[in-house]
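Asker: Please put together the full structure from these sequences, using the hints given.
These protein sequences, in sequence, are chains A and B.
Going by UniProt numbering, the first residue of the first sequence is number 1, and it counts up by one from there.
Going by UniProt numbering, the first residue of the second sequence is number 1, and it counts up by one from there.
Note that these hints are calculated values from the structure, not bench results.
One should not assume that every hint holds.
Identical chains blur together in the list; that is why a pair holds if it fits in one copy or across any two.
Claimed, not checked - Dumping the calculated DSS-like pairs for lysine-lysine here, alpha-carbon to alpha-carbon at most 27 Å: (1) Lys432 - Lys404; (2) Lys432 - Lys114; (3) Lys250 - Lys75; (4) Lys250 - Lys18; (5) Lys18 - Lys45; (6) Lys18 - Lys254; (7) Lys257 - Lys18; (8) Lys237 - Lys18; (9) Lys480 - Lys114; (10) Lys404 - Lys97; (11) Lys114 - Lys97; (12) Lys114 - Lys342; (13) Lys68 - Lys441; (14) Lys237 - Lys114.
2 protein chains.
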Amino acid sequence: MADQIYSNYPPPLNPAQKEFLVTTIKDWATQNGLLVRPAPTFVPKETDPSGVLATNAPVTLFPSPFPKSCFDEAKYLQTVYNQLYAAITCNEEWIGKIMEDLIDVDDFISHLWKVHLSVKEEGYAQTLSLGLYRSDYMTHTPSASTAPSLKQVEFNTISSSFGGLSSLVTSLHTNLLNSPPGHSIAYPSHPLFNSNVPPENTAVETLSAGLAAAHNSYGPSKAKPALPTCILFVVQKNERNTFDQLALLKQLTKVHKIPVFRLLCSEILDHTSIPSSNPSRPLIYSPPHSPDTQFEVTTTYYRCFYAPSDYHSERDWEARTHVERSAAIKCPTVLNQLAGCKVVQQVLAETAGPDHLSSFLSGTDSAIVARIRETFAPQYDLSSTGRGRDLALNVETAMNHVLKPQREGGGNNIYKEAIPEFLRSIPESEWKRWILMELIKPPSEAKNVALRSDGEVLSGHVIGELGVYGTILWDQASGKISHNEQGGWLMRTKGRDVNEGGVATGFSSLDSILLY
Amino acid sequence: MADQIYSNYPPPLNPAQKEFLVTTIKDWATQNGLLVRPAPTFVPKETDPSGVLATNAPVTLFPSPFPKSCFDEAKYLQTVYNQLYAAITCNEEWIGKIMEDLIDVDDFISHLWKVHLSVKEEGYAQTLSLGLYRSDYMTHTPSASTAPSLKQVEFNTISSSFGGLSSLVTSLHTNLLNSPPGHSIAYPSHPLFNSNVPPENTAVETLSAGLAAAHNSYGPSKAKPALPTCILFVVQKNERNTFDQLALLKQLTKVHKIPVFRLLCSEILDHTSIPSSNPSRPLIYSPPHSPDTQFEVTTTYYRCFYAPSDYHSERDWEARTHVERSAAIKCPTVLNQLAGCKVVQQVLAETAGPDHLSSFLSGTDSAIVARIRETFAPQYDLSSTGRGRDLALNVETAMNHVLKPQREGGGNNIYKEAIPEFLRSIPESEWKRWILMELIKPPSEAKNVALRSDGEVLSGHVIGELGVYGTILWDQASGKISHNEQGGWLMRTKGRDVNEGGVATGFSSLDSILLY
Numbered sequence: 001m002a003d004q005i006y007s008n009y010p011p012p013l014n015p016a017q018k019e020f021l022v023t024t025i026k027d028w029a030t031q032n033g034l035l036v037r038p039a040p041t042f043v044p045k046e047t048d049p050s051g052v053l054a055t056n057a058p059v060t061l062f063p064s065p066f067p068k069s070c071f072d073e074a075k076y077l078q079t080v081y082n083q084l085y086a087a088i089t090c091n092e093e094w095i096g097k098i099m100e101d102l103i104d105v106d107d108f109i110s111h112l113w114k115v116h117l118s119v120k121e122e123g124y125a126q127t128l129s130l131g132l133y134r135s136d137y138m139t140h141t142p143s144a145s146t147a148p149s150l151k152q153v154e155f156n157t158i159s160s161s162f163g164g165l166s167s168l169v170t171s172l173h174t175n176l177l178n179s180p181p182g183h184s185i186a187y188p189s190h191p192l193f194n195s196n197v198p199p200e201n202t203a204v205e206t207l208s209a210g211l212a213a214a215h216n217s218y219g220p221s222k223a224k225p226a227l228p229t230c231i232l233f234v235v236q237k238n239e240r241n242t243f244d245q246l247a248l249l250k251q252l253t254k255v256h257k258i259p260v261f262r263l264l265c266s267e268i269l270d271h272t273s274i275p276s277s278n279p280s281r282p283l284i285y286s287p288p289h290s291p292d293t294q295f296e297v298t299t300t301y302y303r304c305f306y307a308p309s310d311y312h313s314e315r316d317w318e319a320r321t322h323v324e325r326s327a328a329i330k331c332p333t334v335l336n337q338l339a340g341c342k343v344v345q346q347v348l349a350e351t352a353g354p355d356h357l358s359s360f361l362s363g364t365d366s367a368i369v370a371r372i373r374e375t376f377a378p379q380y381d382l383s384s385t386g387r388g389r390d391l392a393l394n395v396e397t398a399m400n401h402v403l404k405p406q407r408e409g410g411g412n413n414i415y416k417e418a419i420p421e422f423l424r425s426i427p428e429s430e431w432k433r434w435i436l437m438e439l440i441k442p443p444s445e446a447k448n449v450a451l452r453s454d455g456e457v458l459s460g461h462v463i464g465e466l467g468v469y470g471t472i473l474w475d476q477a478s479g480k481i482s483h484n485e486q487g488g489w490l491m492r493t494k495g496r497d498v499n500e501g502g503v504a505t506g507f508s509s510l511d512s513i514l515l516y
Numbered sequence: 001m002a003d004q005i006y007s008n009y010p011p012p013l014n015p016a017q018k019e020f021l022v023t024t025i026k027d028w029a030t031q032n033g034l035l036v037r038p039a040p041t042f043v044p045k046e047t048d049p050s051g052v053l054a055t056n057a058p059v060t061l062f063p064s065p066f067p068k069s070c071f072d073e074a075k076y077l078q079t080v081y082n083q084l085y086a087a088i089t090c091n092e093e094w095i096g097k098i099m100e101d102l103i104d105v106d107d108f109i110s111h112l113w114k115v116h117l118s119v120k121e122e123g124y125a126q127t128l129s130l131g132l133y134r135s136d137y138m139t140h141t142p143s144a145s146t147a148p149s150l151k152q153v154e155f156n157t158i159s160s161s162f163g164g165l166s167s168l169v170t171s172l173h174t175n176l177l178n179s180p181p182g183h184s185i186a187y188p189s190h191p192l193f194n195s196n197v198p199p200e201n202t203a204v205e206t207l208s209a210g211l212a213a214a215h216n217s218y219g220p221s222k223a224k225p226a227l228p229t230c231i232l233f234v235v236q237k238n239e240r241n242t243f244d245q246l247a248l249l250k251q252l253t254k255v256h257k258i259p260v261f262r263l264l265c266s267e268i269l270d271h272t273s274i275p276s277s278n279p280s281r282p283l284i285y286s287p288p289h290s291p292d293t294q295f296e297v298t299t300t301y302y303r304c305f306y307a308p309s310d311y312h313s314e315r316d317w318e319a320r321t322h323v324e325r326s327a328a329i330k331c332p333t334v335l336n337q338l339a340g341c342k343v344v345q346q347v348l349a350e351t352a353g354p355d356h357l358s359s360f361l362s363g364t365d366s367a368i369v370a371r372i373r374e375t376f377a378p379q380y381d382l383s384s385t386g387r388g389r390d391l392a393l394n395v396e397t398a399m400n401h402v403l404k405p406q407r408e409g410g411g412n413n414i415y416k417e418a419i420p421e422f423l424r425s426i427p428e429s430e431w432k433r434w435i436l437m438e439l440i441k442p443p444s445e446a447k448n449v450a451l452r453s454d455g456e457v458l459s460g461h462v463i464g465e466l467g468v469y470g471t472i473l474w475d476q477a478s479g480k481i482s483h484n485e486q487g488g489w490l491m492r493t494k495g496r497d498v499n500e501g502g503v504a505t506g507f508s509s510l511d512s513i514l515l516y
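Answerer: Okay, structure coming up:
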């Protein structure tokens with residue numbers, strides 16, 4: 001069924017149609033902030049020393065077909081997923097046990113865990129915790145005759161990005177489908193386009209509302225004398241995805257009327273402080289451009305600190321610890337970040353042993369828990385003898401799997417028949433650094449055309465990944481949830497032969513969807 | 001009085017304040033479409049062969065002070081100016097007399113006049129005429145003790161640009177003045193900022209409403225069989241100011257629901273046709289990306305064809321003639337474009353001889369006509385002996401003047417003491433190619449800081465030029481006006497030592513105003 005949908009999509013473009021679409025998309029993206037800063041490989045620093053240039057984010061020319069049943073399911077499950085990851089984060093002991101095994105294989109996780117332990121020792125000054133999540137899926141379509149099902153690729157608990165740009169791609173494709181008004185001719189005609197537009201995408205509204213909920217729940221200033229309050233976006237140096245972040249900032253400023261500042265993670269210690277005399281530990285921000293004015297930070301929103309490469313020295317870990325021990329609501333806390341590790345996903349998916357999933361969702365209808373479990377792709381650890389090792393070492397079964405490093409932000413995946421050979425080439429003691437995951441089989445006939453950030457237009461077979469956004473605010477002490485929402489989505493489409501690579505590097509494109 | 005306002009403005013910036021403002025403006029401009037395509041001197045074609053890069057339009061960091069009395073006067077007079085230029089355009093005989101004198105000195109005007117004559121011979125197929133105008137002024141402040149007065153620099157009847165970007169600069173400065181919400185600290189404090197924001201800028205709404213009024217007045221399709229209708233933006237190749245145009249296109253599409261297409265002036269003859277069998281001469285547009293669909297053009301909006309450099313060959317003149325003889329409402333017609341020549345401004349300003357201004361505004365209160373006349377800077381032709389020659393040849397009086405070439409789109413101005421010497425260096429027979437204009441004296445203490453499109457930040461003394469937009473739709477046969485509106489404005493601020501140069505080249509910046 002799915003293959004029929006994909007095999008004659010998208011409609012072919014003649015040169016004039018392609019030129020029109022590319023030009024229109026290029027201009028629309030630029031006019032409407034669907035932009036990234038250009039990569040240094042495209043625009044060398046010496047050409048643009050002040051960093052004023054921008055270019056379109058990589059986007060597909062067409063929205064991609066997506067099964068309505070899977071989209072609805074992903075949306076339906078998001079608030080349950082939010083709740084699941086809040087519950088995991090509340091169970092510090094459980095996380096601790098998992099981390100114990102990883103500490104000697106993963107410096108990064110070890111470092112994060114140490115930050116948590118040191119703040120725990122002093123006592124956390126803030127029990128509220130904010131999650132801005134994105135759950136990423138592919139549609140699993142093992143054969144032409146089976147209905148597609150939803151399989152989770154990963155669950156992001158930190159710096160869940162592209163909400164801002166994704167909303168814009170949805171608008172772009174929606175506009176093209178209705179352009180010009182009353183006489184849609186921007187695209188060649190195709191049955192999928194008849195009275196069809198992408199579903200509403202409220203990513204900006206939803207993510208901003210989550211941040212605003214935390215800000216408003218912070219309560220009155222804890223500083224003496226009281227200070228005005230703000231949200232702090234903590235960001236990377238040389239960030240190219242600035243306009244994705246600014247979409248949220250604009251919404252918070254315009255709609256929620258909340259002061260928001262952006263601060264480089266490398267400058268946290270320069271411009272924020274926690275008065276040692278104040279046991280509430282308010283995080284005070286002094287904007288460098290107005291040092292006489294002070295704000296109290298209600299919420300720190302990290303668009304950094306998610307990968308080992310974000311920590312250049314001990315000072316960066318010190319900065320992370322400094323914020324963690326403050327009264328600011330963290331989005332996310334170190335514990336919540338750790339809950340998003342690959343290994344947690346694998347432990348939840350384990351079919352042997354205790355049913356962690358049901359325990360974490362103890363108050364939830366078992367039918368819904370089962371639907372969550374349905375989204376797990378089978379995955380195994382290789383630390384001890386068992387099913388994982390059997391599947392990985394046999395070429396025939398390995399063909400159906402991918403080997404992923406446990407290490408966060410780490411290297412490349414090993415695919416299919418290369419797995420047994422690879423494992424045999426490394427000492428068995430290192431096997432615990434890897435997770436074996438059954439390959440998700442997306443529709444094999446899916447195709448699209450992408451406009452890269454450097455203006456190149458590529459077309460061919462693609463793999464699409466749907467992300468659904470959710471936000472949750474809970475009390476880490478009581479487990480009480482005060483805000484739990486789902487809203488907005490991201491479609492990312494990669495050339496089929498590309499297995500890795502983020503959108504911003506140009507190997508994959510932002511997309512939207514047409515439901516079928 | 002004015003000098004007091006300007007002498008301590010803008011407030012000084014320390015390095016952190018400057019960096020914050022520049023970064024914020026750079027990002028805001030990019031996120032919100034306040035952009036231009038970079039000049040080839042900044043980004044060479046080989047770096048960006050597909051033309052995807054964009055950069056901020058050149059903008060001032062601060063809005064500029066502007067006298068409220070002058071702003072109000074400029075707005076008040078705009079609909080009268082609209083009416084004046086419609087009346088001039090209706091008087092083909094009067095324009096013809098003026099053009100007669102210019103035909104041997106100005107190829108361009110001669111060519112335009114020939115287009116008109118050839119269409120006149122066949123008979124115009126459309127009597128409705130649309131003007132999208134911008135009247136440009138400086139504040140004349142001859143001494144510190146006199147109140148500033150409004151003096152017209154020029155009146156644009158074709159391709160009056162920057163309405164789209166100007167609205168955005170107004171939003172930018174307004175946002176900065178109120179940023180963050182509730183605690184304005186983006187700018188250092190200054191008395192002029194207290195509860196003050198730039199006046200409303202409806203340039204996009206006003207200009208689009210003018211185009212929509214023409215579109216709606218066109219009436220039913222004249223084609224057989226009837227076709228859907230559209231507006232055509234006729235644009236230049238290698239246009240860098242695309243996003244200014246797209247702001248109007250977006251408004252027409254989103255708010256007025258009118259199909260709008262952009263067509264290169266060099267491709268008019270490839271993609272439009274006038275069926276020879278149809279005496280109504282509808283202009284039929286076949287979009288190259290959908291050649292089976294045809295639209296009938298109600299309105300052609302020129303963002304080209306204003307300068308000699310827009311006509312590369314006879315084919316371009318043929319294209320202009322082709323549109324002129326069609327039933328499409330032209331914005332503007334050739335006659336209306338000619339009405340905007342410098343020489344018309346000079347003839348209107350002549351104090352000796354017939355009172356052309358009063359004749360054209362015969363139905364208007366003489367007090368208002370006097371207020372229009374007040375905006376004229378004294379200007380003189382040098383074709384015959386008289387006051388102009390006397391003033392130009394005497395170094396003492398020349399000091400107070402500028403010599404401007406009659407030729408449209410022509411070379412540089414000659415200033416002050418250089419005038420007598422220059423005139424004596426050329427044959428007297430050529431003097432008629434020049435107009436002598438009394439120098440307008442803007443506030444001498446005005447200063448600002450500008451962020452150029454290449455990221456350079458410049459500060460120093462500046463000269464500001466206010467443009468006010470107006471739109472008018474009239475019947476060229478009856479003189480009846482069906483739409484006459486004023487709305488929106490443009491502030492352009494140039495470094496004081498720069499006498500020429502458009503905004504897009506980076507020599508001058510888009511600005512907004514704070515009234516005092």
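Asker: So which hints don't hold here, by number, going up?
Answerer: The structure conflicts with no hint, since it agrees with every one listed earlier.
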